[in-house]
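These are the residues of each chain, in order.
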Amino acid sequence: MNPKVERIEVYVDEGKEPIRVLTEPPFEVELDTRTLPDGAHRLRIVTVFKDGSREEREIPFEVDNLPDAFVDGIDEGQRVRGKVRFNVRVGDYEKPKEAAGVSAWLYVLSTVLVLILVWVFFAVSPTAEKVAAQMAVGGAKAEVEAPGGEGGAPVNEALFNQGKELYAANCASCHQADGKGLPGVFPGLAGSQVVADVKAALERITKGGNGMPAFNQLSPEELAAILTYIRNDFGNHFGGVSVDEVQKLLGGGGQAAAPAADEGLLAEGEQVYLQNCASCHQPDGSGMAPMFPALKGNANLKDAKFVIERILKGKGAMPSFAQLSDRQIAAVASFVRAKLNDFGPVSEDEVKSLR
Amino acid sequence: MYRNDATGPFFALLLAAALYLSAYLDGRRIAAMGGGYEDALTVGQIGLITFATLFLIYALIGFFSIWLEGEELRPGRHLPSPGAAVPLVAVLLAVIEAALGGFFVRLMLHHLTVEPVSAAAQGAVFGAMMLVGAVLLAIYKKYYLGDEVLVEEEHSEVPW
Chain A
1 MNPKVERIEV YVDEGKEPIR VLTEPPFEVE LDTRTLPDGA HRLRIVTVFK DGSREEREIP
61 FEVDNLPDAF VDGIDEGQRV RGKVRFNVRV GDYEKPKEAA GVSAWLYVLS TVLVLILVWV
121 FFAVSPTAEK VAAQMAVGGA KAEVEAPGGE GGAPVNEALF NQGKELYAAN CASCHQADGK
181 GLPGVFPGLA GSQVVADVKA ALERITKGGN GMPAFNQLSP EELAAILTYI RNDFGNHFGG
241 VSVDEVQKLL GGGGQAAAPA ADEGLLAEGE QVYLQNCASC HQPDGSGMAP MFPALKGNAN
301 LKDAKFVIER ILKGKGAMPS FAQLSDRQIA AVASFVRAKL NDFGPVSEDE VKSLR
Chain B
356 MYRNDATGPF FALLLAAALY LSAYLDGRRI AAMGGGYEDA LTVGQIGLIT FATLFLIYAL
416 IGFFSIWLEG EELRPGRHLP SPGAAVPLVA VLLAVIEAAL GGFFVRLMLH HLTVEPVSAA
476 AQGAVFGAMM LVGAVLLAIY KKYYLGDEVL VEEEHSEVPW
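Chains A and B, in that order, give the protein sequences.
According to my numbering, the first sequence is numbered sequentially starting from 1.
According to my numbering, the second sequence is numbered sequentially starting from 356.
Incorrect hints may appear among the rest.
What the hints assert, rightly or not - For each label pair, taking beta carbons as the anchor points, the in silico distance ranges come out as:
| # | chain 1 | residue 1 | chain 2 | residue 2 | range |
| --- | --- | --- | --- | --- | --- |
| 1 | A | 121 | B | 412 | 55 to 61 Å |
| 2 | A | 36 | B | 490 | 51 to 57 Å |
| 3 | A | 133 | B | 491 | 37 to 43 Å |
| 4 | A | 300 | B | 399 | 35 to 41 Å |
| 5 | B | 399 | A | 322 | 44 to 50 Å |
What the hints assert, rightly or not - For the chain B half of the interface with chain A, some residues (derived, Cβ under 7 Å), not all of them:
| # | residue |
| --- | --- |
| 6 | 395 |
| 7 | 399 |
| 8 | 438 |
| 9 | 450 |
| 10 | 454 |
| 11 | 462 |
Simulated from the structure, these hints should not be mistaken for laboratory data.
Don't be surprised by glycine CBs; every beta carbon is placed ideally from N, CA and C.
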């Protein structure tokens, strides 16, 4: 307590006598409002100091011990006629309050129950199963198949079996025996968009691309067999491919016709280069130092033998491209030597002699 | 420093968008070179996407801090005051989360017992699940957890 204070007097309304006089802690006052009539009142706290001075503080408050009547059936200002019946209700402040609404536990339990039901519905309902089936590879495959409308082509069983053997010998090492490939490295063939499109699949096999080497040594019959197999196994149902269809797509003569002029060889070389070499050496031959050397302005390319051997055998990070035909190697070697540099072209015979 | 600055996250977001775009354009170019089909992501694309995601996460953390704490941190205790809409949104999100969880189990069972489901579909459902979970956690942190910002002396004993 402040040492200057002598006592604290507590008054209610205009009372002359204080209801409490406080001289030492605790300064706790209990006021029974039931002794006061309902309505406005004021509390006066008078602090008397040792030097005789006084300080007064007023706190107005309202007592409401008796509840108002609630009239049900007639409103204020309402126009009425004849007999009017209404109810008068008076509450009881002493009565303990009843808990309104649901308890927190019930709320939590019902929420958990609803969540469990939702979970179970989505985990076991046939509708969810249907949606899952749509999202499965088979479902996606059906969507791929639809635009082409070629799911109905008959499958030649002999070609299919031949294709199975050829697939095991040529393709399974990368795309795997089950056609699932190796994620991130070798693409799967199940539901593949490329496999669904005969022309795209044929081009990919014969010309390679996207990391895959060209398999242009295969005959039209072998190509048709592989296409028939990969389009109708691994869960695929894209339909068969005939030898005629493959020949037609290849341009009648199986492989591309031999170009007569050097320009034709260079054009073919450019194609081979873009499909097999450009991903590392870049389309303009600038390479990506230090991993992939530039071919443009590269003095090493002056030696035709060096170029052909490097293509045939590879070295370091560069793989062998021996699967390319002599003509293709001659074409691409001519392209990198004559187009990207000022060296002469390379003939098929030179390639054949070094193979 | 008692500030959550938006400059860093903004530029990180910009950089992330540019890197994602580069990865996309790289893919388009490779697809064009490969006859119009793109089989798988290349190492270059994975690198670009990794850094883009790194910057995206940095930006998201920055913007999330600004959303939670405001741009200026005011010392003192900050008690949350969720309105009536917050529990409603939270319950709705919880229902979506439960639905996604149940469906993910169905998808996995389908994948293991019936036929393979593409990794992209599995990832999409699981990603959506994680995203809704993250939003639920963010709502809990923002509207149901109190926070306190402490003040340190300018020249405190800690050298940094």
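Tested hints:
no.: 1; hint: A:121 - B:412: 55 to 61 Å; verdict: 34 Å, violated
no.: 2; hint: A:36 - B:490: 51 to 57 Å; verdict: 55 Å, holds
no.: 3; hint: A:133 - B:491: 37 to 43 Å; verdict: 29 Å, violated
no.: 4; hint: A:300 - B:399: 35 to 41 Å; verdict: 26 Å, violated
no.: 5; hint: B:399 - A:322: 44 to 50 Å; verdict: 27 Å, violated
no.: 6; hint: 395; verdict: 5 Å, holds
no.: 7; hint: 399; verdict: 10 Å, violated
no.: 8; hint: 438; verdict: 17 Å, violated
no.: 9; hint: 450; verdict: 5 Å, holds
no.: 10; hint: 454; verdict: 5 Å, holds
no.: 11; hint: 462; verdict: 5 Å, holds
The structure is inconsistent with the numbered hints 1, 3, 4, 5, 7 and 8, although it conforms to all the rest.
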